[in-house]
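Participant: These protein sequences, in sequence, are chains B and X. Going by our numbering, the letters in the first sequence line up with residues 1 to 113, in that order. Going by our numbering, the letters in the second sequence line up with residues 1 to 112, in that order.
Think of the hints as simulated: they come from the structure by calculation, not from any bench. In this text the structure is predicted, and so the values were computed from the model without any measurement. From the three backbone atoms N, C-alpha and C, an ideal C-beta is built for every residue, glycine too. Take these hints with a grain of salt, some might be off.
Now the stretches of chain B that chain X is said to cover, found in silico as 3 or more residues with beta-carbon under 8 Å [said to hold, decoys possible]:
(1) 42 to 50
(2) 59 to 65
(3) 91 to 102
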Amino acid sequence: DTGVSQDPRHKITKRGQNVTFRCDPISEHNRLYWYRQTLGQGPEFLTYFQNEAQLEKSRLLSDRFSAERPKGSFSTLEIQRTEQGDSAMYLCASSLQNNYGYTFGSGTRLTVV
Amino acid sequence: DQQVKQNSPSLSVQEGRISILNCDYTNSMFDYFLWYKKYPAEGPTFLISISSIKDKNEDGRFTVFLNKSAKHLSLHIVPSQPGDSAVYFCAARGTGANNLFFGTGTRLTVIP
Numbered sequence: 001d002t003g004v005s006q007d008p009r010h011k012i013t014k015r016g017q018n019v020t021f022r023c024d025p026i027s028e029h030n031r032l033y034w035y036r037q038t039l040g041q042g043p044e045f046l047t048y049f050q051n052e053a054q055l056e057k058s059r060l061l062s063d064r065f066s067a068e069r070p071k072g073s074f075s076t077l078e079i080q081r082t083e084q085g086d087s088a089m090y091l092c093a094s095s096l097q098n099n100y101g102y103t104f105g106s107g108t109r110l111t112v113v
Numbered sequence: 001d002q003q004v005k006q007n008s009p010s011l012s013v014q015e016g017r018i019s020i021l022n023c024d025y026t027n028s029m030f031d032y033f034l035w036y037k038k039y040p041a042e043g044p045t046f047l048i049s050i051s052s053i054k055d056k057n058e059d060g061r062f063t064v065f066l067n068k069s070a071k072h073l074s075l076h077i078v079p080s081q082p083g084d085s086a087v088y089f090c091a092a093r094g095t096g097a098n099n100l101f102f103g104t105g106t107r108l109t110v111i112p
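Working from the sequences, and respecting the hints, build out all of it.
Facilitator: Structural data, given as structure tokens:
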């Protein structure tokens, strides 16, 4: 197992475009989390899945954001009509249930120009 | 509203000495605390954790201390090694919650 994989590592997009990121968690982990980190800040919670069910969403996750985890395996995070304020590192993490020592991926750095 | 605070953005320590990283929190409902380490271009890596029912947890060179009355925790690294140079994040979980609140991080530099 190579850990949590995120793709792409970097994404530059023009304002108003849609972007989609992918996360492949550790295979036996049933929980998957998305966090966002901006410069000088710690990671901020966006949403989490237990298997294929999206169980919690932060108020940071506006209606332009949508996340899916079909079949409880990989997950995608889509941002529609990107804004400059969406520029950040998007981190995915996975864990076993009730284990909060998440394993994070290396993140996708989004730059909106 | 920053519920987890790391007030020292950076810390420099000589190799072999003790590194002490501090973290304060405001939410008395937090019941589980973690430290993560982050190298450049990598995601955070889990380091050590402590439940609110304990006041100390030790793992090799790393020890976390929790002072619930002061809403304060600290990470001690001894002896510090150059490979410990990284950004350290403190994180906390609320009772029954499924997400973590992170501090803003402290950049530790261990000088050889």
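Participant: Now tell me, hint by hint, if it's right for this structure.
Facilitator: Evaluation of the provided hints:
no. : hint      : result
1   : 42 to 50  : holds (count 5)
2   : 59 to 65  : violated (count 0)
3   : 91 to 102 : holds (count 5)
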